[in-house]
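*Asks:* Chains as they are written, first to last, in the working numbering: chain A, 301 to 413; chain X, 8 to 123.
Treat the hints with caution; some may be incorrect.
[Unchecked claim] Pairs of lysine-lysine residues, derived as DSBU-like cross-links and limited to a Cα-Cα distance of at most 30 Å, are as follows:
| # | chain 1 | residue 1 | chain 2 | residue 2 |
| --- | --- | --- | --- | --- |
| 1 | X | K51 | X | K78 |
| 2 | A | K352 | X | K51 |
| 3 | X | K78 | A | K354 |
| 4 | A | K303 | X | K51 |
| 5 | X | K18 | X | K69 |
| 6 | X | K22 | X | K69 |
| 7 | X | K51 | A | K369 |
Everything labelled a hint here was simulated from the structure, so no lab data went into it.
For clarity, every value in this text was computed on a predicted model and none was experimentally measured.
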Amino acid sequence: LAKTTQPISMDSYEGQEVNITCSHNNIATNDYITWYQQFPSQGPRFIIQGYKTKVTNEVASLFIPADRKSSTLSLPRVSLSDTAVYYCLVGAGRGSNDYKLSFGAGTTVTVRA
Amino acid sequence: EAGVAQSPRYKIIEKRQSVAFWCNPISGHATLYWYQQILGQGPKLLIQFQNNGVVDDSQLPKDRFSAERLKGVDSTLKIQPAKLEDSAVYLCASSEPQGGGGNTIYFGEGSWLTVV
């Protein structure tokens, strides 16, 4: 499983954009990059997933450079409710039945008023 | 669509006692996972099922932990005897391959275990 490295914590203010960069230097050809969000007392929640270039949904954007050795999760105009731990994971995709995700420590994002 | 259901939500037991957690995955999801999350850490995969077969249980402490998934749907995770260091949240998750893309894993709310 590809190992990921992401900052331990980040602070921001309401209305700002938060960008969290994750390094995954040994990502495999068929690995997808997935980001999860976890609030206290809840299970992780899927945010976004991508393979290459840029992916955008109603919650966030995911930027993946051509070499795929890193990725950046972008949260536009954060609010206090975006305070959470964010996990970057890489794992086999493309319909694989052997799909596992290995979580690191994640990035604790704290949004202040 | 109903999510991953887990019970009990909270459990407090004394060390050396036993405990069982139950999970009902999202309907139709063939893959089921059990993760252990200790406070302040990311979730750690304990066991992964594909239908009712075990795909990976390399990090499951088999001397005290056991899990089964009869009929390829519901699953039970058991700890016997419990140790203080087993205090954690036990997360159940399920997934189904997405057509033409990566898998997405959906997590339940977790079962909180405190061993005293």
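*Asks:* Would you mind marking each hint as holding or not holding in the structure?
*Replies:* Structure-based check of each hint:
no.	hint	in the structure
1	K51(X) to K78(X)	25 Å, holds
2	K352(A) to K51(X)	26 Å, holds
3	K78(X) to K354(A)	40 Å, violated
4	K303(A) to K51(X)	14 Å, holds
5	K18(X) to K69(X)	21 Å, holds
6	K22(X) to K69(X)	17 Å, holds
7	K51(X) to K369(A)	23 Å, holds
Hint compliance for this structure: hint 3 is the single one not met.
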